[in-house]
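S.K.: Just so you know, the protein sequences line up as chains A and B, in that order.
For the first sequence, the working numbering gives the first residue as 1, with consecutive numbering after it.
For the second sequence, the working numbering gives the first residue as 1, with consecutive numbering after it.
Incorrect hints may have been included.
Here are some, though not all, of the chain A residues that point toward chain B, as calculated from beta-carbon distances under 8 Å [what the hints assert, rightly or not]:
#1 T97
#2 D102
#3 L269
#4 L279
#5 L281
#6 R285
#7 R392
Stretch-level coverage of chain A by chain B, calculated; a stretch enters the list once three of its residues show a Cβ under 8 Å from a Cβ in chain B [said to hold, decoys possible]:
#8 41-52
#9 205-219
#10 223-234
Don't read these hints as lab results, they were simulated from the structure.
Where is the CB? At the ideal position from N, CA and C, for every residue including glycine.
Spelled out from the first residue to the last, the chains are:
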Amino acid sequence: MLWNALTLQLGYNATLVTIGATLLGIAAGVTGTFLYLRKRALVSDAISHATLPGVGIAFMLMVLLGGDGRALPGLLIGAAVSSWIGLLCVSWLTGRTRLSEDAAIGAVLSVFFGFGIVLLTVIQTMGAGRAAGLESFLLGATAGMLFNDALVIALGGALTLVAVLILRRPMALLAFDPEYAAARGINVGRMDLAIMALALAVTVIGLKIVGLILIVAMLIIPPVTARFWTDRTDHMVMISGLCGGLAAWAGAAISAVAPAMPTGPIIVLVSFGLFVASLFLAPNRGVLAAYLRHVRFQRRVHMRQGLLALAQGQPIYEAYTVRLLNRAGLAQADGVPTEAGRARAAKALRDEKRWELVRADQAFESAAALYDGLRDIETVLTGDQIAEIDQRIGGPQGVAS
Amino acid sequence: MSGEEFVPLSLTPMLIGVLAAVACALPGNFLVLRKQALIGDAISHVVLPGIVVAFLITGVVAAAPMMLGAAGAALVSVVMIEAIRRLGNIEPGAAMGLTFTTLFAAGVLLLEQSDTSSVHLDVEHALYGNLESLIWLDAIGWKSLLDPVALAGLPSELGRVVIALLGVCAFLWLFWRPLVLSTFDESFAQAMGIATNRLGVALVMVAALAAVAAFDAVGSIIVIAMFICPPAAARLMTNRLEHQVAWSVVFAVLSAVLGYVFAGYGPLWLGFDNAVSAAGMIATVSGLILALAACFAPHRHRSRAPVV
């Protein structure tokens with residue numbers, strides 16, 4: 001059953017919804033990347049909450065004009081207009097008053113949402129049961145979606161995706177270096193608005209599927225996930241789109257099979273699953289990789305200190321050091337060095353002395369800068385240079401008795 | 001309007017609204033100044049999963065376990081935001097958005113999966129509360145305020161909001177100086193020996209306490225609005241923190257009272273016969289106050305930015 005849904009063999013509408021959700025997920029992931037890189041991820045929260053009054057007003061207008069209040073295109077236009085107003089309020093509050101952006105976002109989202117709730121209660125009293133569909137915009141619902149609605153979503157998702165792909169280069173430039181972007185002739189203010197407009201498009205199209213509270217997650221979680229895997233913008237955009245698409249596809253398919261599972265939350269939780277996997281498993285930036293790096297570093301420090309201690313005939317009290325030396329065949333379990341251990345220890349001590357000279361000599365300044373107590377001197381200096389230093393150290397000397 | 005009608009039907013909801021608004025606006029002042037305004041947003045979203053989990057564990061809709069659950073969820077979310085920020089090296093805004101949407105999604109899913117149809121527990125209620133239903137049926141007029149029998153019938157939400165407000169006031173009174181110092185100059189506060197990190201967490205937990213108590217009575221949308229709008233409007237009125245706090249209390253009270261009155265009686269004045277959502281209206285009024293402040297308040301501009 002689930003397999004049927006995943007492979008799009010579960011009826012025409014379910015297929016269309018799944019495709020639409022997937023396109024939307026990809027568009028959201030790609031758009032969200034630029035929001036995230038511009039450090040304005042939470043603006044999407046204000047955008048999404050600000051759609052509610054628009055939905056309410058559009059519904060009332062359509063009913064007053066004698067139409068069906070639940071016609072999706074009309075509701076989406078209303079949502080877009082009111083969230084655009086919300087967006088302008090955020091930028092006006094941050095630009096013209098002393099309020100910081102987070103306060104402006106919070107104020108806009110709560111006030112618009114509150115006003116939307118007021119409108120919803122007005123609608124409830126307006127006419128019988130026809131308003132029943134509007135609550136679904138809070139949390140989204142794909143069950144019982146009409147063919148036309150699904151078509152609107154699929155088309156909208158595709159169009160947004162195309163727009164993002166066209167604008168991706170100037171947006172990436174803007175995200176990293178606004179001044180350089182301005183010098184290249186990009187209108188920074190307008191491009192910022194374009195990013196917001198794309199986020200707004202994703203939000204409005206996603207309203208019906210995931211609802212206005214959770215659509216934020218589709219814009220935030222995939223980029224954060226993608227950031228773990230790469231340091232390149234173009235890769236990040238692709239990975240983020242992939243994560244977003246994957247989560248939306250799985251979410252839509254799962255909820256098509258089990259109607260009790262609402263689409264929005266499933267999409268968000270799948271997305272979060274991908275995030276957690278990346279947080280731990282990603283190479284380089286992942287937690288596991290960082291832990292392994294730490295363990296390896298620790299081992300090198302212990303090895304080095306252990307060898308130096310062996311060379312100077314000092315006892316080693318650290319059990320971990322002894323264990324490491326023993327495992328490497330350099331010392332016995334009680335800390336007494338083996339033959340190989342003595343040789344390595346002598347070399348470690350000699351390297352330390354070489355470093356000492358290198359660091360004291362201005363001529364080796366650039367090499368000395370690389371000293372961190374662990375680096376092998378052979379990786380920094382040539383054989384000739386080492387030979388020269390060894391000459392200064394001189395051979396073994398007798399100890400005065 | 002006569003006392004026979006006003007006291008049982010409107011006094012307690014209005015009082016609860018006012019107290020909840022003030023309880024949220026007080027810590028909100030510091031959250032806004034510390035640029036942590038959206039913590040309130042995050043907390044009020046994660047209250048839902050906390051309440052659902054508390055319900056699933058205990059099986060009853062009772063105040064105490066639910067408030068514990070909500071407080072637990074607030075704590076979990078703060079820890080989770082911090083963990084994601086540190087472990088993944090992710091900017092705080094994104095970590096916050098990630099955390100609260102995920103927890104909220106989990107809450108919605110749990111709610112849909114569990115059999116809660118028989119009890120009054122749904123997402124809409126969590127979002128916009130039910131201020132209008134907190135009536136005081138035992139009251140017959142102003143005299144009831146002195147009648148111990150009638151007073152025993154006060155809605156229990158009132159008591160919890162009062163306790164939360166007292167808790168918030170006590171926290172602010174006890175930690176006023178360190179709080180002010182660490183808000184305006186964190187390094188100086190650290191040099192003075194103030195544990196600024198712990199103080200920050202304490203502030204968030206106090207905000208969570210206010211949010212949970214207010215949420216129980218009025219729903220999460222008011223909570224967010226009251227955390228941010230009155231303090232933000234007050235910020236535009238003055239440059240002195242004491243005055244800002246006072247202004248924010250005034251604005252909070254004003255929004256709650258006006259919002260409640262407009263919601264309950266506004267439609268009647270306009271000729272409709274049904275009231276609209278009080279919680280939504282209170283948030284709307286607070287937004288209008290902020291808009292007025294942003295247009296006319298004396299200190300609305302940044303101090304260095306010239307008037308354009």
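S.K.: Name the hints, by number, that the structure is in violation of.
M.R.: Hints 5 and 7 not satisfied by this model.
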